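Peer 1: We have chain X already, so just place chains Y and B on it with the hints.
Take a look at the letters that make up each chain.
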Amino acid sequence: MDIVMPQLGETVSEGTLTIWHKSVGDTVAANEVLFEIGTDKVEMEVPAPASGVLKEIRVEAGETVGVGTVLAVIDDGSAPSVAAPSDAPKAAAKVEPPAPPAAALPIREAAPVRDKSVKLSPVVRKLLAENNLQPGQINGTGRDGRIKRGDVLAFLKGAPAAPSGDGRTVVPFNRRRKMTAEHMVRSKATSAHVLQAVEVDFSTVEAARRRAGAKWKAKEGFSLSYLPFIAKAVCDAITDFPKINAHVEGESLVAFDAVNLAIAVDLDFDGLVAPVVRDAGSMAVVDLARAINEIAARARRDALGPDDFAGATYTISNNGTFGTLITAPIINQPQVAILSTDAVIKKPVAVVVDGTDAVAVRPVGVLAQSFDHRAIDGAYSAAFLRRLKEIIETREWAAAVP
Amino acid sequence: MAKRAKSKAPQKTKAAAKSGKSRAQARLNDDIGEAKRLEMFQMQLEVRLLENRANDLFLQNLVKGTIHLSVGMEAVAAGCGAAMRKNDYSFCTYRGHAHTMARGVPMTAVLGELMGRECGLLSGKGGSMHLTSVEHGAMGSYAIIGAHLPIAVGAAWSAQYRGSNQVSVCFFGDGATNIGAFHEALNLAAIWKLPVVFVCENNLYMEYTPIADVTAVENPAADRASAYGLEKIIVDGNDPDAVYRVAREAIEMARGGGGPSIIEALTYRHLGHSRADPGTYRPPEEIEAWKKRDPIPMYRQRLLDYGVAEATVSGIEDAVMQALDEATEEAKASPTPAIALADTEVWADGGSSWRN
Amino acid sequence: MAELTYREAVAAAIAQEMRRDENVVFLGEDIADAGGVFKTTVGLLDEFGPSRVRDTPISEQAIVGAAMGAAMTGLRPIAEIMFSDFFAVCWDIIANQIAKSRFMTNGQVNVPLVIRTANGGGVRFGAQHSQSVENWAMMIPGLKVVAPSTPADIKGLLAAAIRDPDPVMFFEQKSLYGTKGEVPEDDHVEELGTAKIVRSGDDVTILALAAMVPKALAAADILAAEDGIGANVIDLRSLVPLDTKTILAEVSRTGRVVTVEENPRLCGWGAELSSIIAEEIFYDLDMPIVRITTPHVPLPAADDLEDHAIPSVQRIVETIRREVD
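Which chain is which? The protein sequence lines are X, Y and B, in order. Under this note's numbering, the first residue of the first sequence carries the number 396, and numbering increases by one thereafter. Under this note's numbering, the first residue of the second sequence carries the number 35, and numbering increases by one thereafter. Under this note's numbering, the first residue of the third sequence carries the number 321, and numbering increases by one thereafter.
Note that these hints are calculated values from the structure, not bench results. A quick note: this is a predicted structure, and the numbers were derived from the prediction, not measured. Please note that a few of the clues may not be correct.
Restricting the straight-line Cα-Cα distance to at most 20 Å, the calculated cross-link-like pairs of lysine to aspartate or glutamate (DMTMM-like) are [to be verified]:
{"hint": "1", "chain 1": "X", "residue 1": "K514", "chain 2": "B", "residue 2": "D645"}
{"hint": "2", "chain 1": "X", "residue 1": "K583", "chain 2": "X", "residue 2": "D772"}
{"hint": "3", "chain 1": "X", "residue 1": "K417", "chain 2": "X", "residue 2": "E455"}
{"hint": "4", "chain 1": "B", "residue 1": "K420", "chain 2": "B", "residue 2": "D484"}
{"hint": "5", "chain 1": "Y", "residue 1": "K227", "chain 2": "B", "residue 2": "D375"}
{"hint": "6", "chain 1": "B", "residue 1": "K420", "chain 2": "Y", "residue 2": "D377"}
{"hint": "7", "chain 1": "B", "residue 1": "K420", "chain 2": "Y", "residue 2": "E169"}
{"hint": "8", "chain 1": "X", "residue 1": "K521", "chain 2": "B", "residue 2": "E600"}
{"hint": "9", "chain 1": "X", "residue 1": "K521", "chain 2": "B", "residue 2": "D523"}
{"hint": "10", "chain 1": "X", "residue 1": "K741", "chain 2": "X", "residue 2": "E594"}
{"hint": "11", "chain 1": "X", "residue 1": "K521", "chain 2": "B", "residue 2": "D645"}
{"hint": "12", "chain 1": "X", "residue 1": "K514", "chain 2": "B", "residue 2": "E643"}
{"hint": "13", "chain 1": "X", "residue 1": "K514", "chain 2": "X", "residue 2": "D539"}
{"hint": "14", "chain 1": "X", "residue 1": "K614", "chain 2": "X", "residue 2": "D682"}
{"hint": "15", "chain 1": "X", "residue 1": "K521", "chain 2": "B", "residue 2": "E599"}
{"hint": "16", "chain 1": "X", "residue 1": "K614", "chain 2": "X", "residue 2": "E689"}
{"hint": "17", "chain 1": "X", "residue 1": "K742", "chain 2": "X", "residue 2": "E601"}
{"hint": "18", "chain 1": "X", "residue 1": "K552", "chain 2": "B", "residue 2": "D523"}
{"hint": "19", "chain 1": "X", "residue 1": "K552", "chain 2": "B", "residue 2": "D522"}
{"hint": "20", "chain 1": "X", "residue 1": "K784", "chain 2": "X", "residue 2": "D596"}
{"hint": "21", "chain 1": "Y", "residue 1": "K227", "chain 2": "B", "residue 2": "E349"}
{"hint": "22", "chain 1": "X", "residue 1": "K521", "chain 2": "B", "residue 2": "E570"}
{"hint": "23", "chain 1": "Y", "residue 1": "K266", "chain 2": "Y", "residue 2": "E283"}
{"hint": "24", "chain 1": "X", "residue 1": "K514", "chain 2": "B", "residue 2": "D523"}
{"hint": "25", "chain 1": "Y", "residue 1": "K55", "chain 2": "Y", "residue 2": "D65"}
{"hint": "26", "chain 1": "X", "residue 1": "K552", "chain 2": "X", "residue 2": "D663"}
{"hint": "27", "chain 1": "B", "residue 1": "K420", "chain 2": "Y", "residue 2": "D383"}
{"hint": "28", "chain 1": "X", "residue 1": "K784", "chain 2": "X", "residue 2": "D635"}
This is chain X alone, in the form it adopts within the complex (with noise of 0.2 Å):
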């Protein structure tokens, strides 16, 4: 039973311990006074709330602790409570929540692990290490409760993080995550993000797309989906505007002569990788799509390897699976620029019918340019979007399909 420090008046919110009637290990009747406390407006006897053996003083007479602070234990034959404890006087209302249990903290560094019965194998130390994970997190289903490599990859890989018995679940961050994190911080510190979109009519894109239809998909084992044109499009609009297709590099725009097309690729919600279509310019509309879904497949499958992030210019981010509108997308640090491609859908748009206006049902959707306005301005930006929209609207794809 947990002996907590007592609210002594309503807007009283820490008391000071100043005696200790009893001491470790000593017998406690209920009802024989425990210990004194003062606040600045009163002192005061507490008597202990049961029988039993005092086991445990945590706070020393002399110091100041917050109402509700558990200031010692008494053994009476009960468990010990982890929450508020109830029977402290009107302390119930005002009581802060407990420190939760110290497994579940992160903790920066690895701990030596001093117990000797727990076995962990060279990989296992090391994949705890990299994940920033405690033994005790994860479940060991070797012999005699060993954690295997295979009970590491296992957690990482999205078996529920447990829970931690107290209304959170804790998931730390792994490798690739933490990652991230640092990339998309220092990008937002570092350039002068603008976003600008452009809604964009997919009708003579669509076509295309019906037109190699079931056959594009049985012979080459995938769809063909918006992106590949989109891509095409954004290649030949970037031979119009190349500062587009650029880094920052110190106060200098550096533009390149190839398009190097990062593809932005979400694996299954365990993170984003960017893997890169190296040359993408001179690629037709067709062997984008192959190398797209090369890349992608190959991102799946965690068989990148360096080289496949290495010399990006410009990247796309492809949320329109999800059916979002609209997405800000954050720079992929050094380059210049980034296009979110959201969601096509059928949408009534304006169009002119014999000189008359009219509505009509078309694909459209949003492509969304966040730029670096260090390096570039708005209407550059804009000029290449127009140019891009221009593109995708106006050209013969259905010729670049078989």
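Peer 2: Same frame as chain X, now just chains Y and B:
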């Protein structure tokens, strides 16, 4: 073929006939000829002077480890070398400076190897005991007693198989006649009738022990010949002409398909087994008697007796000394080998890697 | 493809190479007229004649010495040492001469020879005719070491060994001579220094050589069926050059490794591999490295004693069951 079984006691030189120039000229132009004799004289001299120089360099700590000198035994290498063709194969022991030089290997390369320099015959990687020059047909000096006898047999087998008319000549000491590989090699050479000539330099001592104490027969090589169906051949190893004649006959017999021979050449080393050995296990009278039969002064005298001009002979001596001095300086000036050489040339691709 | 026994594949490989290159010659005891005491070289004398296929006296030093001399002077000899235990008789020529000459002469001398031998036990020949000594050869710088487990690998690797410009010690396991397998009939050459994954699995990698490979595979089947353990069996095929890339990648991937070695315990080939693994991929190990070997004794002759000593399928299964959790 003429067999001259000689006793081990040193013999006096036959004095040159004092009768006319014509007799001397006749001798000079006999089956050996002046050119060959001058070649053999020069070769012995080169070996002798180089080995004495190596001795000096050892005392100056420029030659490391140890070296096995054949001072006093030069006639065997010179005589056999003169009887070999350029593309014949020779194999010798760790006491192999003479045999290597007898195949035409330059002095700088030999001294450089002894001194562990880049210009060494083996770039400093083999040392004195492993002198090899494949381009000269010197197929190695071997430091494990007897090991090279079967190897020499293999080279002879190769020549026989290819029909190349090459002969393999294998030099070894009296001690080797008691090791297993000697017997295996002779037996195989005999049954396959291979073109190999085994030359045993019997200098009376197996390292520090008199050969007679450890051998069941009197002539360690010649008396084993019959066990392999071969002729007993003993020759005065200090007479290059005698060695040359015997070697030539054996080599040409092998070349013509007549099979192997074993020649026992009686000789004596003036110095210890190796540089570390003062040779005190030999009776001083024995050493003195053999030194009086030093092949080089003997041969020098023979040349003069046969009518070669003193100027020619001393001209050779001066030239050899000068060449030796130049070679010494060249070797001294050569740097130590690049550290990278420590792990090259284990494999034919030049590397030493055992893994990927 | 043809179905050949392991012993027939030896003759097939030698014949293939002797047809291709007239410099290939072959010597050994009872190899010509008798076709080899293990009948591994039947037919070679008839096809290639007595100048290329030569019977020798019982002279191991002369056999390998002559092979070296011939190799130094333009031929490509194959020498047979009847039982690998006999290497002890001619070890000077192999370890001091053949292995070292190229290095000592800084590359002047080339020794492109193959010494092939019948290695290992399991056939009740007693201690002096049964040891596996591929580890002796592995320890000498300058020797390549090959030990195939199948007829196809015999043919391919022996051909590769004969074509190799360096000295190759070729270990045939006598207990495998009667085993059969599909062998390519035409020009078949494998690559030295390449291991083969002969059974794929995710739970534990078994590194095995020669006669231990079929035992590892049999153990793997039992472990899969009865324990749900997926064993990843690698046939090393060569000890020198060693395919460390494959070994390290597979051990890394599975996190667990066990070796199965026929040589006696101390300084068996698995000791070296364990060291490499522990040094280079320590942080990928989920289990201590375990070696399954013949104990450090000479091999006994009686059936049950020998079978107890040489790693058996049962011992492999039990060890893995015990160690893998």
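Peer 1: Next, verify each hint and record whether it holds.
Peer 2: Hints and how they fare:
With a C-alpha separation of about 13 Å, the suggested pairing of K514 of chain X with D645 of chain B holds against the 20 Å cut-off. Our distance criterion of 20 Å between C-alpha atoms is met by K583 of chain X and D772 of chain X, whose separation comes to about 17 Å. A threshold of 20 Å between alpha carbons decides the hint, and for K417 of chain X with E455 of chain X the separation of about 12 Å falls inside it, so the pair holds. Taking the CA atoms of K420 of chain B and D484 of chain B, the gap is near 17 Å; set against the 20 Å cutoff, the hint holds.
A distance of roughly 14 Å separates the Cα atoms of K227 of chain Y and D375 of chain B; the hinted pair therefore holds under the 20 Å criterion. Pair hint K420 of chain B plus D377 of chain Y holds up; C-alpha atoms about 12 Å apart against a cutoff of 20 Å. Annotation: proposed proximity of K420 of chain B to E169 of chain Y holds, straight-line Cα distance about 19 Å (limit 20 Å). Taken as a hint, the K521 of chain X and E600 of chain B pair is honoured in the structure, with Cα atoms around 14 Å apart against an allowance of 20 Å.
For the hint pairing K521 of chain X with D523 of chain B, the CA-to-CA distance comes to about 19 Å; that is within 20 Å, so the pair holds. The suggested pairing of K741 of chain X with E594 of chain X holds, with an alpha-carbon distance near 12 Å, which does not exceed 20 Å. Of the pairs offered as hints, the one joining K521 of chain X and D645 of chain B holds, with about 19 Å between alpha carbons and a cut-off of 20 Å not exceeded. Of the pairs offered as hints, the one joining K514 of chain X and E643 of chain B holds, with about 14 Å between alpha carbons and a cut-off of 20 Å not exceeded.
With a CA separation close to 10 Å, the supplied pair K514 of chain X and D539 of chain X stays within the 20 Å bound. Restraint check: the Cα-Cα separation between K614 of chain X and D682 of chain X comes to about 14 Å, which is no more than 20 Å; the hinted pair holds. Distance check on the hinted pair: K521 of chain X and E599 of chain B sit about 15 Å apart at the alpha-carbon level, within 20 Å; holds. Restraint check: the Cα-Cα separation between K614 of chain X and E689 of chain X comes to about 15 Å, which is no more than 20 Å; the hinted pair holds.
For the hint pairing K742 of chain X with E601 of chain X, the CA-to-CA distance comes to about 14 Å; that is within 20 Å, so the pair holds. Note on K552 of chain X and D523 of chain B: the hinted pairing holds, with a Cα-Cα distance of about 18 Å set against a maximum of 20 Å. Between the alpha carbons of K552 of chain X and D522 of chain B the distance comes to roughly 18 Å, so the proposed pair stays at or under 20 Å and holds. The suggested pairing of K784 of chain X with D596 of chain X holds, with an alpha-carbon distance near 8 Å, which does not exceed 20 Å.
For the given pair, K227 of chain Y sits about 18 Å from E349 of chain B by alpha-carbon distance, which is consistent with the 20 Å threshold. The hinted pair formed by K521 of chain X and E570 of chain B meets the criterion: a straight-line CA distance of about 18 Å does not exceed 20 Å. Restraint check for K266 of chain Y and E283 of chain Y: the C-alpha separation of about 14 Å stays at or below 20 Å, so the hint holds. Distance restraint check for K514 of chain X and D523 of chain B: the Cα-Cα separation of roughly 19 Å lies within the 20 Å cut-off, and the hinted pair is therefore satisfied.
At roughly 18 Å between alpha-carbon atoms, K55 of chain Y and D65 of chain Y fall within 20 Å of each other, so this suggested pair holds. For the hint linking K552 of chain X to D663 of chain X, the alpha-carbon distance of about 10 Å falls within 20 Å, and the restraint holds. Among the hinted pairs, K420 of chain B with D383 of chain Y is consistent with the structure: their alpha-carbon atoms are about 15 Å apart, no more than 20 Å. Note on K784 of chain X and D635 of chain X: the hinted pairing holds, with a Cα-Cα distance of about 13 Å set against a maximum of 20 Å.
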